[in-house]
Amino acid sequence: MSAEGNRIEIDAIDFQISCRRFMVRATITRDRHMPLVDEYVLRLLAILDRMQVSRMRAWFGFSEAEIEAVLVDMGRQKLIEFDGDDVVLAPAGRELFKTVGEDGAPRVVEVVPLVGDVWFDLVSRNMVPRSRAPNADYLVRLTEQQSARELPETFARQAFEQNFRDYARRIRKLPDPDAVNLYSISEVEGGAYGHQLLPAKLVLDTDKLTVRNTFTELGSNAPAFAKLTVAANDAWQTNTAPETTSTAAAEFDRMTGPSVILPVIEDPTDAEAWVSLIVGIGREEGTFIPSIGATYLPANISRLLETLQKDGRGEETLELTWLRPNGSTWGRTTRVPDALQQIRATARNVGRHEIHTTLAMPRSTSKPVRKIHRRLFDTGLLLPQRHLPANLEVLLVPGVAALVNVHVPVGMHSVPIGGLTKDPRRLARIAERLKAGSAEGWEEIWRPSKQEHKRPER
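Adding 844 to a residue's 1-based position in the sequence shown gives its number in my numbering.
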C-alpha cells in the first residue's frame, strides 16, 4: 500500500497497448564539466594566451612530476600545445570556451552515436517505454485506431526530433538528460508491431470515498497522452466489479475473527468505520493484521512472504490456493505473476521446492474471464454454487498464513479490504473450505500440464 495525503493505492492495472517499433540511428552531443585542474589550466591560458611551465607549476604549487602529468594528459587531448618552455591554448581548447556554462567554465562536448528502438503507441501516437510485456489475456487490452498502423517513418523522425528531451529522460532514462542534445538523425526504419504496457493505479480518496485511475508514470507528460488515458479509462469501465453478497461479513468473521474490517463490510457507506479501518491498517490484532488494497500489492504480499520465511516446519511441498472473486476487474496486472514468483522464491529458500498453485473461483465468474490466468496457475477450479461469497478473496499458504479480502462497493468500483491471519485454527477452517471435493459441485476447468512446474509469466 502506498499513501499520498488522503489517497491510498488499492489496486494496480496494466493496460496493453498496440505499438509500432522504429529503429533510430542518431548522433547526440553530451556536455560534461572539465576536471577542476584542467579547467583552471584552460582558464589561465585563455586569459594570458601563453604561460611558462615553471610559472604554472609555481602558481598551482605542484611538483615537476605533478604538473607534467597534467600537461601531458591535456596535450594528448589536443587541448594545449607546447612552444618551447611555454604552454599555449590549442584550437580545440579554445573551442571549449564557445560552450561555457552559466558559471563560465569550459565544457567538453562529446559527440557519440545513439542507436535504439523507439516504440510509438497506436492510440495517441506518443513514444512509450519498452516494457517487455507478454501478450497476456489477463491484461486490459486497448483498441488501436484503424489508421494507426499506417504510421509513416517521416512521422517517427519528426516526433523523435521534437520530443528528444522527453525520450532522453522518460524513455531512455539517461543519467544526465539535460546535458544531452540531439545533433542529427541519420536513419529511421519502421519495424514490427507489438504490445507495451501502460501501468495505472486504482486510488481510493478516503475523504470523498471515491475511486479513480491514476497514471503516475506519465508524470508531467500526461496531457500529451490524453487520448491514451481516455481510451484506458473507457476500457476499464467495461469491466465488472465483484458482486456484493450478504454473507461476506459472516464468512470473513469465521475466517479471521472480529476486527476493524467488519463494520466496513457491513456498511461501506459508513465514513466513521472507514476512518477506524484506515487508522488500524498494519496494526497487529492478535494473529490478524488488517490491510487495505489488493492481495498482490507489495505491502500486502510482503507480510505473507515474511510469515512464510519464518516457517520452520521443513515440509517440501507447498499447495498454494488462491480464491479470486467473480467479476472481471481482479488480477488485471503483472503484479499477480510477480507475487507468485516471490512466493515460489521464498518457499524455495525455506526448503519447499515442490510448489503447486491452484486458482479457485466462484461459479458465477463469467466464462470469458475464467481462464484468463490459466498460464499462471497449475490448476483451475470452480467452486460449488454459493459455496463462498462471490466477493471474497483468499490467498492461502496452508498452515502458515492466509490473506483474506472482501471486495466492498465504493461508487462504481470495489475496494479490497481484509488482512493477514496466522491463527492455526482459522487456517485449518479456511483450508477445509477451499479443499476440492469438500462439497458436491467442485469442477476442474484446467489441470496441470505434463511439465512439473509452470514458470509464472509477466
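Keep in mind that the hints were calculated from the coordinates and are not lab data. Hints should not be assumed to be uniformly reliable.
[Unchecked claim] Below are the PhoX-like pairs computed for lysine-lysine, each with C-alpha atoms no more than 25 Å apart in a straight line:
(1) Lys1154 to Lys1266
(2) Lys1071 to Lys1045
(3) Lys1266 to Lys1215
(4) Lys1279 to Lys1211
These are the hints, each one checked on the structure:
no. : hint               : verdict
1   : Lys1154 to Lys1266 : holds, 12 Å
2   : Lys1071 to Lys1045 : holds, 18 Å
3   : Lys1266 to Lys1215 : violated, 30 Å
4   : Lys1279 to Lys1211 : holds, 22 Å
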